[in-house]
Amino acid sequence: MKTFNLVLTGVGGQGIITLVSILDEACLVQGYDVKSSELHGLSQRGGSVITHVRLGKEVFSPMVAEGRADLIIGLETLEALRDSNFSNDKTIFLVNKHSMGFPGYMPEQEVAGSLQKIAKGGLHLIEASEICKKELGKDVLAGVYLLGYAVYKKLMPLKPESVLRAIETVIPEKFKDINIKAFNLSEKHD
Amino acid sequence: MGNEAVVKGALAAGVDYVSGYPGCPSAEIGDEFGRIAEESGVYAEWATNEKVGLESAIGASFSGLKSLVNMKSFGINVCSDSLFPLAYTGTKAPMVIFVGDDPSCHSSAQSEQDSRGYAYLSKIPVLDPSSPQECYDFTKLGYEISEKFNLPVILRSTTRVAHQRAPVAFDVPDKKEFKKGNFEKNPHQFSTMPPRVMEMKTELLTKLEKIKAFAEKSKANKIIGKKTGKIGIIATGISYYYVMDALEAMGLDLPVLKLGFFYPLPEKLIGSFIKGKSKILVAEELDPYLEKEIRVIAKNVNPKAEIFGKNAGSEPSRRVLPETGELNTEKVALGLIEAFKIKTSKIFKTKKAGAQIPKRYPRLCDGCPYWNILPVIKRALGQDLDKTIFGGDIGCNMMAGLPPHNMQDYMFSMGASMGISHGVSRSTNQKVVSLIGDGTFFHAGIPGLINAVYNKSNPLIVVLDNRITAMTGHQQNPGMGKTVMGGNVEMVKIEDIAVSCGVKHVKTLDPANMGELESAVKEFLQKDEVSVIICRHVCALLERRLKSNPDLGKFYINPQNQ
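Protein chains in written order, with the numbering used here: chain A, 1 to 190; chain B, 1 to 562.
Isolated chain B (complex conformation) (with noise of 0.2 Å):
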């Protein structure tokens, strides 16, 4: 799989250091860390949200260990605040951080996010890899370029890139000791004070410029295919794949450009392909970064071409290609069709089945806590429950947007619920139920409740406690007293949190006690203050592949807690 992919190309480049949030498609990349951390001399950790988890590498970094960061899309927002001066500090160990972005959002409520903008912002390097091969190449390249140019290395992945199986060539490295950084001091380099802050952006820019001419020779970017003719596909990421697969069906052989450098382009071999082409089409997931590029060059070296792909600039009909969800073979080989005029018999047919066929919804597990929970605060509501606001926030608990439930008037990101929540208890006379998860909660729950407790609103907030992360595959948390390599620490109690946050009606309880959950609910609506109630019950999933397999219990089990 390319995530593992990820894995082995740190292990090759001999990484110290591992740390990150869970998301889709990304985790299983700390997941395998934390099963493999010790046996392979590496530190591994879960950090409570992406931010944390980018310093933590930093710090990291700046004593002398090789970091690998791990995060969904969303993530690289959670972390930009500490991304964009980590460029101009630039990295002491190499860094690669990998984002995995998700076209079609199969796995992703949000936006169909296009991590690639963050080179722009904060002016790293961004890799783009196609195959779990490439994800194994790439991911040594971006340590190779970290080392040789002390600045982070990006590594974007997508959906149908890291949930990819395909065989991998790997070098099995040396068996390797846990290493032991040291901090030398030089703030010179590591504080962003200004003025010293506006050297460090020419530095950056220095930087950016040798990287160029690296990436102009990389062996990354290639030319496949016929090398002469008047049209021309350049590709990168998965989209390259649907190229070759859509020139095979159709019996074509055209030159390819596959880009594995997003940032900073290899302008130069870009306008060598370009010059003496008529057409080129550009294929590419999720956002026009690549073509509005393309179109740039072509201006200087053949302003002639004309560049077909998403978004075409002044000429709508050299749009070929959806810029709304992932491409496939299908849609590509319709670009190719449409823009290079090609006459076939071989395009792809389909046939949809002759019945509308009902929408089958991700549903709560069987066995899930949340199972209770939920009908019990709809019967505490009664006949309020019309007129009741439910906030909703990211994981498990966003099940309760979808039937039976529907019991989500807005969701949005990572502990947004508290903010939106506040706001609506804050403009109105509504009453607002809020739920979220405890994985949420910590990663950005904590400074929106905060804010309501100091801004004075009402929502009762219910955090769904299965003392797990479990959406993104049952990674541990901070409230369950394990870490992901399978230590023994304090739990951490949201109810501690919450107390000390200033909430005056705090209750924890089991949601098997449905009675008790009730009587919570119906006296915590009638507060003037923000409540929250803790409905602490471990995930059903996880009890279950516990009891299947007791040996997954040193990573999951603290025998303190029991």
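Here chain A stands alone, though its shape is the one from the complex (with noise of 0.2 Å):
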């Protein structure tokens, strides 16, 4: 197989890092080799944050290269649009339709539309946050939603067991429950 380049990005406090350790235990239930790469600290004090995570049989750098994803997942739609230098042609997006503002932030429809433009490959723009706010009471599962998106539309080589295993390791006690609503809950989205 060849190894398959996945580049997850959003802004710091989304619960970014916890869903690169779902990734990766998710792909250690499934035999693949992975590799990832995050940033802590200042990166991660409400800037864009980017993270890598990269499986198959064997795989060396832990950093996906410009041009070489096969799959963006963007937990906002501005950090989506800022790291398609990760995309080529192919690559699709899974996109959370939802803004996170500062002063100087581009108008919403122009950040959509120059997505539109560049996800040649395909873009799925979901609510996310929204649903999972409406469904869950929580907007921060958003990520654990999208997950769940890419895995059950096969957007991604992972079987939905294999995440929920790794949900299972990986979420405390306490907030397991929740995180598999979420992640099942975008089995039904159309």
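To be clear, the hints were calculated from the coordinates, so they are not data collected in a lab. Glycine included, each C-beta is placed from N, C-alpha and C at the ideal position. Be careful, since some hints might not be right.
Unchecked claim - Here are the simulated DSSO-like cross-link-like pairs (lysine-lysine), alpha carbons at most 30 Å apart as the crow flies:
id : chain 1 : residue 1 : chain 2 : residue 2
1  : A       : K138      : B       : K554
2  : A       : K90       : B       : K359
3  : B       : K359      : A       : K117
Stated by the list, open to error - Listing some non-contacts, in silico: residues in chain A with all C-beta distances to chain B over 12 Å:
id : residue
4  : R45
5  : K97
6  : E130
7  : K134
8  : L136
Quick one: dock chain against chain with the hints and give me the complex.
Pasting the structure below:
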């Protein structure tokens, strides 16, 4: 199998590092070699956070090279656009339709328009934060919801069972059920 | 994760004593030891700074305990004063010193430092891992070398190794009990008093020769790929994986010498690799130290070989990799293409988003007490705001320099605001307001404060005391009355220190009382002497973490302080 390249991007505080831990564990469950890269500290404090996950038979670098992503999961719309340099014409974008504004933020329509243009391989723009807030009362579950979406819609080579087992291992007891709910909720998504 | 693998490696080697100071990308090591120390029969602590942390481990080593010291890149600058004599005395029980460099400065103000340079200054062996597995293996190797040669070993990691996650095969060590050491007097070995110190230097050089022979045979250095050919690559650290990725993407098989030892270098192995090759590319993070060494080795064994890399000596056309910023697969691929004149269609094509994307700056967390402090200081300054000079320091208060605050006219290193603010205050008639966090104050702020009192300047120092070393992930410090292992201790009060240093105008307040803060700033700005305001309010993120997970209280709440 060719190495599968995933870029996972968003804003500090959205639970991206936890998502990476779940993904890594799921890859191990499924018998893949996996490497991932993340940043801590200053780079995490409400700034842009980009992480890389690569899985396959034998993975060398933990970083996805520019233009080589198979899938870009964006937990925030502008951040997905920011990291579109990792995409090529086949890359699939799975993006949370959710803006976390700051002074100087681009008009939302312009962000979505640019994404449409760039995502030649396909764009799934999903209101994950809103769905999770409405159904589960917590928008921070948007990441796990999108992960479920990627897995159930077969946008990446992981099985739902592997990820569910990873959630069992990685997530503290108290939050397990709600994470599993968020993951499975996406199965019903069109 | 790479840093977790260092913990496993140290446990497998039977570590007894862990000290250090938190920073990115190293803090996870001390944090993890804090959580597991008790059950693992290990003593763990956060020291007030890296120098004290190293010295603490030196005491443990001299008493017969295996030690680990952990710090970020700049930590080695702080501890270097004791690092150099340690090379002379050597260790008694083995010691590994972990240093985390941060190419591209993702989490590091200050400079893009390559800590491998300390190998030359201190003459201490340096290992350079590429992956979490090597973080584990090289930590164990570090203890082996240290045990064998009685020298500390520096394990130098970088962000992409330290925060790289990958499967790691490791041993689960046997259950271990806390060990008490025994200090056997030996001033001949432990005191660097001249003229004995000169003998010690000779002893050190002899040890290095032996370690060099050890490095020549070590499996930490290996040759991968095709065995023959006129062109080859020498790589170390994370750059090795960029090389392998670039070769795979271009469908090339070339000989690669991967070096795990940075110091001392296995010069014979390198020489035999270079022999018969016409072109060599050297791939390493940060400064071209290795490249320069290889150029010297090539001069002896194969003077015609062309060495490509970042520095390229007298041949600018051989400069095929950038010296600023971290490397990646794309940069290494371009370097290979340029150096070896590779004809390939498989280069990395990228496309940029059409629009200019506005930058998202890191910001203070929601509910952060600093959100109260910064605007109130501005308001208190009123018309003098533009004339006021703002000193900045390391930690969450760095964010004062970013929009919307823009309150930072200089920012250097841990505690540096104290010295620079004094210098500006002494040199001008301008008013200086200097911001510093509690962790940074304990780390290196105190000598600067004493200096400002002693040498009579008049900055207003505002200590943003959120009761925790927050930026690096909530590490305990002397101000909170808790240790990394969850022990309750006396809370060291910053106001008491300020008074003891001779500061006459000291006020401690909760910044939630904005009126009180505003009048304190206004009052102290009129003073001709140093003044200190301590704004004490617990970090909002920590408060929320404790609320959602009360079990954490063991590590953060001292009932005596409540």
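>> Next pair to validate is B/K359 with A/K117; report whether the Cα-Cα distance is within 30 Å.
In response: holds (21 Å)
> Are all C-beta atoms of chain B more than 12 Å from that of A/E130?
Replying inline: Given that every Cβ of chain B is farther than 12 Å from that of A/E130, nearest at about 20 Å, it holds.
>> Would the hint linking A/K90 and B/K359 be met if the CA-CA limit is 30 Å?
In response: Given pair A/K90, B/K359 holds - Cα atoms ~27 Å apart, limit 30 Å.
> Against chain B, does A/K97 keep a CB gap of more than 12 Å to every residue?
Replying inline: holds (17 Å)
>> Over 12 Å from every CB of chain B: does A/L136 meet that, or does the non-interface label fail?
In response: At about 16 Å from chain B, A/L136 clears the 12 Å cut-off, so the statement holds.
> Are A/K138 and B/K554 close enough, with their CA atoms no more than 30 Å apart?
Replying inline: Satisfied, since the Cα-Cα distance of roughly 27 Å is no more than 30 Å.
>> Verify this label for me: A/R45 is non-interface relative to chain B, using a Cβ-Cβ cutoff of 12 Å.
In response: violated (4 Å)
> Does the claim that A/K134 lies outside the interface with chain B hold up, using a Cβ gap greater than 12 Å?
Replying inline: holds (22 Å)
The structure fails hint 4 only (numbered hints given earlier).
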